[in-house]
Amino acid sequence: MGDAEKLEFDDGRSGDRSASVWARVQEHKIIQWGLGYLGAAFALAQGAELVGNALDWPDLLGRILILALIAGLPVALALAWYHGHRGQQRVSSGELWVVSALVLIGAAFVTVALQRTDGAGANTPASANASEASPPGNTAPQNAAEAHPPNSIAVLPFANISSDKEQEYFVDGLSEELMNQLAQVRALRVTARTSAFAFKGTTETVDKIAGQLNVAHVLAGSVRKAGDQLVITAELTDTTTGFNTWSKAYNRELKDIFAIQQDIAREVVSALKVTFGIDEDQRVPGGTDNLDAYAMYLQATARPQASIPAAQAALGVTEQALALDPNFALAWAHKAGLLLFLRNDPRRNGAELQAMAEEAAQRAVELAPDSPVAHAAMANAASTRGDWRTAEARYRQVLARGDPAERGGGYGLLQLAVGHVYAARDRLLLQRQRDPLNEAAVAFLAAAEDSLGNTQAARAELERGQQLFRPWFAGWYNGVLMLAGIPEASFRDNPSAVGFSFADPPFAPILASWDDPVAARAAVRNTYAGIDQSVMPIWRVLARLQVGAVAARFGDPDLALTSFEETFNSSPGQIYAIWRPVYRDMRKLPRFKEFVRQIGLVDYWKQYGWPDVCRPFGENDFECD
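Numbering (this note's numbering), first residue to last: 85 to 709.
By construction, these hints were calculated from the structure, which means they are not laboratory data. Mixed in with the good hints there might be a few duds.
Listed below are the simulated DSBU-like cross-link pairs for lysine-lysine, each with C-alpha atoms no more than 35 Å apart in a straight line [what the hints assert, rightly or not]:
| no. | residue 1 | residue 2 |
| --- | --- | --- |
| 1 | Lys332 | Lys309 |
| 2 | Lys309 | Lys339 |
| 3 | Lys284 | Lys339 |
| 4 | Lys309 | Lys357 |
| 5 | Lys357 | Lys339 |
| 6 | Lys672 | Lys690 |
| 7 | Lys309 | Lys292 |
| 8 | Lys357 | Lys332 |
| 9 | Lys357 | Lys284 |
| 10 | Lys357 | Lys292 |
| 11 | Lys249 | Lys292 |
| 12 | Lys284 | Lys309 |
| 13 | Lys677 | Lys690 |
| 14 | Lys249 | Lys339 |
| 15 | Lys284 | Lys249 |
| 16 | Lys292 | Lys332 |
| 17 | Lys332 | Lys284 |
| 18 | Lys249 | Lys309 |
| 19 | Lys249 | Lys332 |
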């Protein structure tokens, strides 16, 4: 073997063996190589994080990169030993084996680490609860990060630890105001009040709540009120880890309540690293500086509108707030909503209440033109009157000014009513995601799915509603089954959930003749003619529409259209049902064209677009499927 060959594969015995280890390290520039590698690795990791955030890459890719960079450090040092000095490169067989071993060890380390990382999320409480909370027919995400959007947060009702339990309304109001403050940050998805307050007084764990609300963060706390002194504690929890990411205690006077709300909201947003979209001195538009008026408003909003007497009581308290501060725009908007609810009382003058509601909503807009709540009040009042174009314009104002008012799903229901069913379904789905424990959000999403002919999807939503909500939800469930031709036992045995039941004597002939279309049509007409005598006034609108739907089901579109004509003036919002597949023959009637012209839908379509199942025909005509 020649000298040249010896130089290429030297056994390491040649050279000066007396050189120290430190001298060899310096010779091979191990320190420079190590520092250079660490600097490059840090820069690469930072750049990858920026790109990943912009492109919404999964966290797993970041973990792979970090582990790979860690495993690569000994490999880099080994390469430095081979190539870090000047002159001819000498590689011994032993050194080659060392490099190979380091590469294999690094690869094994990355593989094992990834397996543990991937498996960790599968057994976390958050992942398990997200799976349990998934509605029927949906597949729960396997990864907790996928289950809970990182920009999502729920503000739970703060605990009242005051000696005076009558201050409960004040504490609830504080929680709701924090929701509204955070909802102004467009980058955040804030759970609506209905769903967040469903956990009031419960002992559910944070991960359980996160699973049902599908949120990555939960804000909770407590309030102690003694005279004019307030002690408020707040803490922010990352539901994917279970750790508190921020907490603070505030010991202030009652007069500082508005500043405290702003401080908490601002610090929470800062903890979430989201750009706060509110000026430093700005609160939710339309509020008041009058503490007594604010307290009365909180009392009014804390009262549930589940009944006519409750709404009447809340209206009285709202009037007291307005007497203390006539410029309190949010109170005017709340008054408008209460007046619209009271229209459901057949003993009252609906036209008078409608006019009063529109006046209150208009006052709210005049006082706070930047308030989405005020514009939503105007939109709701217009929808209730069947003024579709005004409602559309106002809801667009709501969207332009941001939430929180749109979380009520009013715009989605308007789109459903005017026949833009696909758009309505998308908006109502968003509403259900933000407010998953709101029975109305689930019910109207089911109605949209049914209107699109997606019976199974509608049925899944309604089954979910039955699991979550009050017995009256059975009325929605059975309605879809009925129109799909599936009068199941639950339908036949339906309790009087909405004031009447098809099992009651006036309606029983319909069920008895269900399998005989000719007899069923006769039974439906007889039942419809006797509704005024057999059903309480408050339920007659729903009874007419339900019986009219059955008429359409058995081939009597004329009676079905009559049910809409006779109920529209008292309940324009019910028009959303005309797009259900069961009414297809009804939509082909010449009377239908005249009906939608009279109620202003054609004028709306000409301005904002034709419905999904209708199209213009010639210059002044149209046709519908």
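Right, here's what the structure says about each hint:
For the hint linking lysine 332 to lysine 309, the alpha-carbon distance of about 17 Å falls within 35 Å, and the restraint holds. With a C-alpha separation of about 12 Å, the suggested pair lysine 309 and lysine 339 falls inside the 35 Å cut-off, and the hint holds. A distance of roughly 26 Å separates the Cα atoms of lysine 284 and lysine 339; the hinted pair therefore holds under the 35 Å criterion. Under the criterion of a C-alpha separation no larger than 35 Å, the hint pairing lysine 309 with lysine 357 is consistent with the structure, at around 31 Å.
Distance restraint check for lysine 357 and lysine 339: the Cα-Cα separation of roughly 29 Å lies within the 35 Å cut-off, and the hinted pair is therefore satisfied. A C-alpha spacing of about 19 Å is found between lysine 672 and lysine 690, which places the hinted pair at or below 35 Å, so the restraint holds. Distance hint between lysine 309 and lysine 292 is fulfilled; the C-alpha atoms sit about 29 Å from each other, no more than 35 Å. The hinted pair formed by lysine 357 and lysine 332 meets the criterion: a straight-line CA distance of about 17 Å does not exceed 35 Å.
For the hint linking lysine 357 to lysine 284, the alpha-carbon distance of about 28 Å falls within 35 Å, and the restraint holds. Our distance criterion of 35 Å between C-alpha atoms is met by lysine 357 and lysine 292, whose separation comes to about 25 Å. Distance restraint check for lysine 249 and lysine 292: the Cα-Cα separation of roughly 27 Å lies within the 35 Å cut-off, and the hinted pair is therefore satisfied. Taking the CA atoms of lysine 284 and lysine 309, the gap is about 19 Å. The hint holds against a cut of 35 Å.
Annotation: proposed proximity of lysine 677 to lysine 690 holds, straight-line Cα distance about 14 Å (limit 35 Å). For a cut-off of 35 Å, the pair hint linking lysine 249 to lysine 339 stands: about 20 Å separates their Cα positions. A distance of roughly 14 Å separates the Cα atoms of lysine 284 and lysine 249; the hinted pair therefore holds under the 35 Å criterion. Annotation: proposed proximity of lysine 292 to lysine 332 holds, straight-line Cα distance about 24 Å (limit 35 Å).
With a C-alpha separation of about 21 Å, the suggested pairing of lysine 332 with lysine 284 holds against the 35 Å cut-off. Our distance criterion of 35 Å between C-alpha atoms is met by lysine 249 and lysine 309, whose separation comes to about 10 Å. Between the alpha carbons of lysine 249 and lysine 332 the distance comes to roughly 23 Å, so the proposed pair stays at or under 35 Å and holds.
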